[in-house]
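Peer 1: Protein chains in written order, with the working numbering: chain A, 1 to 448; chain B, 449 to 595.
Simulated from the structure, these hints should not be mistaken for lab results. We put the beta carbon where it would ideally sit given N, CA and C, even for glycine. Each hint should be verified, as a subset may be incorrect.
Listing some non-contacts, in silico: residues in chain B with all C-beta distances to chain A over 12 Å [claimed, not checked]: (1) Gly455; (2) Trp458; (3) Leu459; (4) Ala462; (5) Ile466; (6) Pro502; (7) Leu506; (8) Arg530; (9) Leu534; (10) Leu544; (11) Val545; (12) Thr566; (13) Ile569.
In silico SDA-like links for lysine to any residue, alpha-carbon gap of 25 Å or less [unchecked claim]: (14) Lys86(A) - Leu482(B); (15) Lys93(A) - Ala481(B); (16) Lys93(A) - Leu551(B); (17) Lys112(A) - Ala554(B); (18) Lys112(A) - Gly504(B).
One-letter residues, chain by chain:
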Amino acid sequence: MTYPGSGGQWQPEQQYTYGNQPTSAYPMYYPPQGPPQQPPGRGRRGLVIGIVIAVLVVAGGAAATVWALNRSTQAGSPTPQAAVAKLATDVSKGDVLGIQSDVAPAEAAALKDITTDGSNQLKRLQIESPGYDPQSPSANTTAGLAGSGLTFDDGAAQTINDHLVINKLVSGSITVSPKLDGSMFTQQFLHSAFPNGLPKQQPNTIDIADMVHRTGQPLRIATVKVDGGWYTSLFYTAADYALESTRRPWPTTSLPATGSSSPDAAAAQFVKALLSADYRTAIELTDPNEMAVLHDAGPAILDALHAPKPTGITVEDISFADRPVTGGVDAVLRGATLEQGGDTLVLSRQNGCYAVTDKGTGDQRKLCAGDFAQQAQSDLANLPPEVATALQHLTSGVLSNGPGLVSTQVDGKWYVSPVRSFGALLDAMVSGLQPADIKALVELGGGH
Amino acid sequence: MRLTARGGPWLAFAGLAIVLVGTFLPWLRSGDALRDSYQSVDVLRMQPTPPGGPVGVLLYAWLAVIPLCSISVALYALRARRTAALVACLVGVLGLVTSALALVNAGGPADAIGFAATGPIVTVCGAATALIGGIVVFGGRQSGVKP
Numbered sequence: 001m002t003y004p005g006s007g008g009q010w011q012p013e014q015q016y017t018y019g020n021q022p023t024s025a026y027p028m029y030y031p032p033q034g035p036p037q038q039p040p041g042r043g044r045r046g047l048v049i050g051i052v053i054a055v056l057v058v059a060g061g062a063a064a065t066v067w068a069l070n071r072s073t074q075a076g077s078p079t080p081q082a083a084v085a086k087l088a089t090d091v092s093k094g095d096v097l098g099i100q101s102d103v104a105p106a107e108a109a110a111l112k113d114i115t116t117d118g119s120n121q122l123k124r125l126q127i128e129s130p131g132y133d134p135q136s137p138s139a140n141t142t143a144g145l146a147g148s149g150l151t152f153d154d155g156a157a158q159t160i161n162d163h164l165v166i167n168k169l170v171s172g173s174i175t176v177s178p179k180l181d182g183s184m185f186t187q188q189f190l191h192s193a194f195p196n197g198l199p200k201q202q203p204n205t206i207d208i209a210d211m212v213h214r215t216g217q218p219l220r221i222a223t224v225k226v227d228g229g230w231y232t233s234l235f236y237t238a239a240d241y242a243l244e245s246t247r248r249p250w251p252t253t254s255l256p257a258t259g260s261s262s263p264d265a266a267a268a269q270f271v272k273a274l275l276s277a278d279y280r281t282a283i284e285l286t287d288p289n290e291m292a293v294l295h296d297a298g299p300a301i302l303d304a305l306h307a308p309k310p311t312g313i314t315v316e317d318i319s320f321a322d323r324p325v326t327g328g329v330d331a332v333l334r335g336a337t338l339e340q341g342g343d344t345l346v347l348s349r350q351n352g353c354y355a356v357t358d359k360g361t362g363d364q365r366k367l368c369a370g371d372f373a374q375q376a377q378s379d380l381a382n383l384p385p386e387v388a389t390a391l392q393h394l395t396s397g398v399l400s401n402g403p404g405l406v407s408t409q410v411d412g413k414w415y416v417s418p419v420r421s422f423g424a425l426l427d428a429m430v431s432g433l434q435p436a437d438i439k440a441l442v443e444l445g446g447g448h
Numbered sequence: 449m450r451l452t453a454r455g456g457p458w459l460a461f462a463g464l465a466i467v468l469v470g471t472f473l474p475w476l477r478s479g480d481a482l483r484d485s486y487q488s489v490d491v492l493r494m495q496p497t498p499p500g501g502p503v504g505v506l507l508y509a510w511l512a513v514i515p516l517c518s519i520s521v522a523l524y525a526l527r528a529r530r531t532a533a534l535v536a537c538l539v540g541v542l543g544l545v546t547s548a549l550a551l552v553n554a555g556g557p558a559d560a561i562g563f564a565a566t567g568p569i570v571t572v573c574g575a576a577t578a579l580i581g582g583i584v585v586f587g588g589r590q591s592g593v594k595p
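Based on the sequences and whatever the hints tell you, model everything.
Peer 2: Printed below as a string of structure tokens:
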């Protein structure tokens with residue numbers, strides 16, 4: 001047989017005859033094996049049509065995939081007005097996930113990390129239900145959120161610089177409906193906190209127009225530009241209100257970010273800067289993404305502080321023990337040599353206690369978890385022993401973990417994260433508590 | 449048998465089409481806002497602790513649903529029928545597993561955030577149809593029956 005080329009048919013090379021059968025003038029063909037053959041033209045046309053269909057389908061699939069994936073919830077909005085409009089829509093729909101994506105990514109990540117760590121501690125303390133995950137889309141939330149008629153005055157928006165715009169919310173309402181039930185909290189905790197049954201949960205409605213009327217100015221909400229997209233910023237909004245209350249404008253220049261080579265170096269420089277009242281260096285050492293607001297508002301903060309007095313304490317030597325935490329590294333204070341007024345004090349960490357030794361006199365003072373509880377018991381005569389134990393556990397959490405500063409890495413440099421450091425401190429405090437302590441503290445707070 | 453084998457490709461294509469429609473229906477509910485499967489995957493992947501292990505792999509694999517559907521159709525058009533059927537089966541399995549996970553974790557109507565049922569249910573139906581269609585095409589060829 002010979003191969004006829006693309007689209008052709010297999011042709012016989014010779015004629016087959018049986019016995020003495022006379023050969024015919026016409027060649028004898030056996031029926032072809034396999035699928036019925038198509039005429040050459042039809043087969044080629046079919047193949048071309050198949051290729052065209054295949055190309056169109058694959059191109060369509062690629063286009064549809066790009067379109068589907070480009071509708072990212074984290075891309076930010078094209079303008080500040082669009083960002084606040086999206087926020088208004090998400091609040092109106094009670095879209096918690098949408099609201100999370102409206103917040104500046106670095107801020108949202110820091111707050112989410114702290115929430116996740118806190119949630120784990122609450123589960124350990126049997127306050128939060130074991131199956132509850134605050135970040136899971138299948139989770140129930142503690143409160144219902146709904147908005148209505150939220151309106152921003154776009155004309156009154158205040159452009160501070162190319163990456164910060166203050167928007168003015170002038171009308172509408174926001175309703176928060178608290179939800180205290182077993183989906184988030186354990187029955188044990190709810191029973192301790194509300195022994196006479198859960199309180200009637202009334203929705204709380206905030207009338208924006210009424211608030212604007214009372215305060216004489218619209219609600220200010222800051223939007224920031226991050227990687228080309230506009231987001232609502234909680235930190236910038238808070239800073240804007242702080243500047244507004246002190247009648248200071250947003251600075252026209254920002255403080256640069258000056259990172260360190262390691263988490264320990266960043267923490268050491270930060271401590272030294274705070275003790276010497278060098279707040280400019282302290283701000284420059286903070287995370288330029290999470291704490292961009294500190295860098296932008298930095299000159300105004302320094303101006304408000306006037307000429308701060310140094311503590312008079314100088315750090316001769318300081319050492320840390322690194323502990324990985326969510327989103328960064330916690331540099332926990334291990335020891336330090338401090339100098340004040342000619343006296344040299346050596347701070348060291350021993351068995352969950354901190355010891356301070358005066359190098360000159362040799363005097364040593366120890367600070368342990370029990371000391372706080374004893375002090376509290378002597379100050380408060382009627383303090384129940386269970387509460388004293390809870391206080392001891394609370395302080396032992398800090399002392400056994402040790403106070404630290406959380407650093408984050410940005411572009412290869414390490415910066416201090418005040419928000420994460422505060423979260424780590426809270427986490428350390430709570431880590432010493434036991435489930436029985438919660439019952440004692442709730443009872444102390446008037447739960448029973 | 450011959451009729452069933454010939455219906456296999458149509459069954460598979462109908463299943464793939466239903467899967468595609470299902471992926472764009474609501475999968476996630478947050479307040480009154482609904483998100484399709486791709487937006488839901490995006491939200492899950494953006495969590496500070498995104499799901500790992502098999503669920504994490506599924507989230508990445510889900511992004512290949514549309515390309516896999518189009519590749520299956522393209523392969524069939526190029527007469528690579530068994531490979532096309534195999535890809536359709538792959539989409540079927542992926543759709544069944546992902547939809548089942550979403551349906552198992554679907555929240556109640558009172559929950560502020562939860563998986564919605566519409567998208568996963570439609571996708572389950574499409575995935576099952578595509579899987580059956582793919583198996584029929586594959587089985588038909590294996591047993592010598594030409595689709």
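Peer 1: Hints first: check each against the structure and report whether it holds.
Peer 2: Results of checking the hints against the structure:
1. Gly455: holds (19 Å)
2. Trp458: holds (15 Å)
3. Leu459: Holds, since 18 Å exceeds 12 Å.
4. Ala462: Correct as stated: the minimum Cβ-Cβ distance to chain A is 15 Å, above 12 Å.
5. Ile466: holds (15 Å)
6. Pro502: Correct as stated: the minimum Cβ-Cβ distance to chain A is 16 Å, above 12 Å.
7. Leu506: holds (14 Å)
8. Arg530: holds (14 Å)
9. Leu534: holds (16 Å)
10. Leu544: Correct as stated: the minimum Cβ-Cβ distance to chain A is 19 Å, above 12 Å.
11. Val545: holds (17 Å)
12. Thr566: holds (15 Å)
13. Ile569: holds (17 Å)
14. Lys86(A) - Leu482(B): holds (15 Å)
15. Lys93(A) - Ala481(B): holds (6 Å)
16. Lys93(A) - Leu551(B): With Cα atoms ~23 Å apart, Lys93(A) and Leu551(B) stay inside 25 Å; holds.
17. Lys112(A) - Ala554(B): holds (23 Å)
18. Lys112(A) - Gly504(B): holds (19 Å)
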